[in-house]
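Enquirer: This is what each chain is made of:
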Amino acid sequence: MSDIADKVKKIVVEHLGVDESKVTPDASFIDDLGADSLDTVELVMAFEEAFSVEIPEDAAEKIATVKDAIDYIEKQKAA
Amino acid sequence: MSGTATNGRRVVVTGIGVVSPLAVGAELTWKRLIEGQSGIGRITHFDPSELPAQVAGQVPDGPTAEGGLTLSDWVPVKDQKKMDRFIHLGLAAAIQAVEDSGWKPEDEDDRCATGVMIGSGIGGLQTIYDGSLTVSSGKARRLSPFFIPSALINLISGHLSIRYGFKGPNHAVVTACATGVHAIGDASRLIQYGDADVMIAGGAEAAICSLGIAGFCSARALSTASNDDPTKASRPWDKDRDGFIMGEGAGVVVLEELEHAKRRGAKIYGEIGGYGMSGDAHHITAPAEGHEGAFRAMKAALRNSGGLTTADIDYVNAHGTSTMADDLELDAVERFFGEDAKRLVMSSTKSAIGHLLGAAGAVEAIFCLQAIRDGVVPPTLNLDNPARESVIDRVAHVAQQRKIDVALSNSFGFGGTNASIILKRFKD
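Those protein sequences? They're chains S and X, same order as listed. Residues in the first sequence are numbered from 151 upward in steps of one, following our numbering. Residues in the second sequence are numbered from 1218 upward in steps of one, following our numbering.
In case anyone wonders, no lab produced these hints; they're calculated from the structure. Wrong hints could be hidden among the right ones.
Unchecked claim - Part of the chain X face toward chain S, derived, beta carbon under 8 Å:
hint : residue
1    : 1263
2    : 1294
3    : 1355
4    : 1359
5    : 1361
6    : 1362
7    : 1605
Cβ atoms here follow ideal geometry from the backbone N, Cα and C, with glycine treated the same way.
Here chain S stands alone, though its shape is the one from the complex (with noise of 0.2 Å):
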């Protein structure tokens, strides 16, 4: 697992209090991992926090899943 991808597994396990195992590429923050809405924003800002990205509210929007996180920032940071 990448640099980013481990990050962002620990920032999901602190936001949403879930255990590590279940922080699956797979996993949805809302379906799998027990967040709501509210969850998913404030997760959004930590990663834009951690990572210093940028992530408009459209690209969020598509932010389902532990992969899709990852997939952005690491496209961002490649950019």
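For chain S, the structure is supplied; the task is to place chain X on it using the hints.
Expert: This is chain X only, laid out in the frame that chain S set:
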């Protein structure tokens, strides 16, 4: 006596919960209160050295079994940061009260007949302070999505209803330092009117933060003379009193329609014996001469008492904040009770826990119920030299053994809002 209720519906208390500077827990708080302990100390929530007032009644941290606050025992860790401290404290008291009552709605009708009315005087002040810093540092887009629901006063009621599935009236009182009494009184009326059979009611406050202390300091409301001797700072009616001591905490009761409580064999602490309100129409922070608003609130409570008179009232838990207004309340109580003042006892428990603002009235109503149950009147600490004499025994220093059948509790708030509630021994 047939009780007090509109439609003949009587309201009893079947559960109590307290979070106070003396302890987390209604019984441990009561035990320490009647032992004469003080919950006042130097402020540690923030560094108060820049401010003239440096002492307060803070809820102690520690293991739940020892009366300390272990937040994770009340609020799941992942939810804690979504709520201001006043919600944490309110939930801790409310959960105690609900568990104490044993009331668990089993079906949809029961859930819809159970409501919540827990208020606060100020709400999420620290949260608002922190959020302001975020915005003023140019990070408005980083403001947490939980900022608003963390600060909103009615969110104790909201969170509690979600936790237990209480689908009845969901409400919150905001009347400064009268909040707790108004919540219990108004919630009782919802039961009397049939809007609910069970109401979880009370108040919570957590304003011991730099903004809260600085604000009350500016209003010249807080004691500043006893920073080096905190347990002496709160001294209602004493000639050396010089302002109130801020406290934090929460008080919550489970109110229940009498027949509902009897059907399920609930333990009954006492009955709501009367409730009255008034407004001063005088000044934003000071009561009128003779505290005639307090007089009218007590009179209104008696009017709704189903036939009680001042001769029936054994104990008054005073608003008694350790300010100049103490003697005005004393004037009003003396005038209201007339000859009956001679056999009255009155104390101010704020001498031990400070002024819990929006939680004060609820915590003090619970003390009244415990006084009725145990036949003990809690003391007024630090009443060394009364500023003025009175025929009323103000229970200086030490608790008194005494049979109490009927107690009245006063609460008055900024804006000129007054409320009195009567608690009485339950007799079928």
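Enquirer: Hey, does the residue 1355 of chain X contact hint survive, CB to chain S under 8 Å?
Expert: violated, 14 Å
Enquirer: Do the numbers back the hint for residue 1362 of chain X, that is, is its least Cβ distance to chain S under 8 Å?
Expert: holds, 4 Å
Enquirer: Quick one, is the residue 1359 of chain X hint okay against chain S at 8 Å, beta carbons?
Expert: holds, 6 Å
Enquirer: Would you settle whether the hint for residue 1263 of chain X is holds or violated, based on the nearest Cβ-Cβ distance to chain S being less than 8 Å?
Expert: violated, 25 Å
Enquirer: Taking the closest Cβ pair, is residue 1294 of chain X under 8 Å from chain S?
Expert: At 6 Å from the nearest chain S Cβ, residue 1294 of chain X passes the 8 Å test, so the hint holds.
Enquirer: Next item in the hint list is residue 1361 of chain X. Is there a CB on chain S closer than 8 Å to its CB?
Expert: holds, 6 Å
Enquirer: Interface hint check: residue 1605 of chain X, Cβ to nearest Cβ on chain S, cutoff 8 Å. Holds or violated?
Expert: Violated, because the Cβ-Cβ distance from residue 1605 of chain X to chain S comes to roughly 55 Å (cut-off 8 Å).
Against the hints set out earlier in the document, violations occur for numbers 1, 3 and 7.
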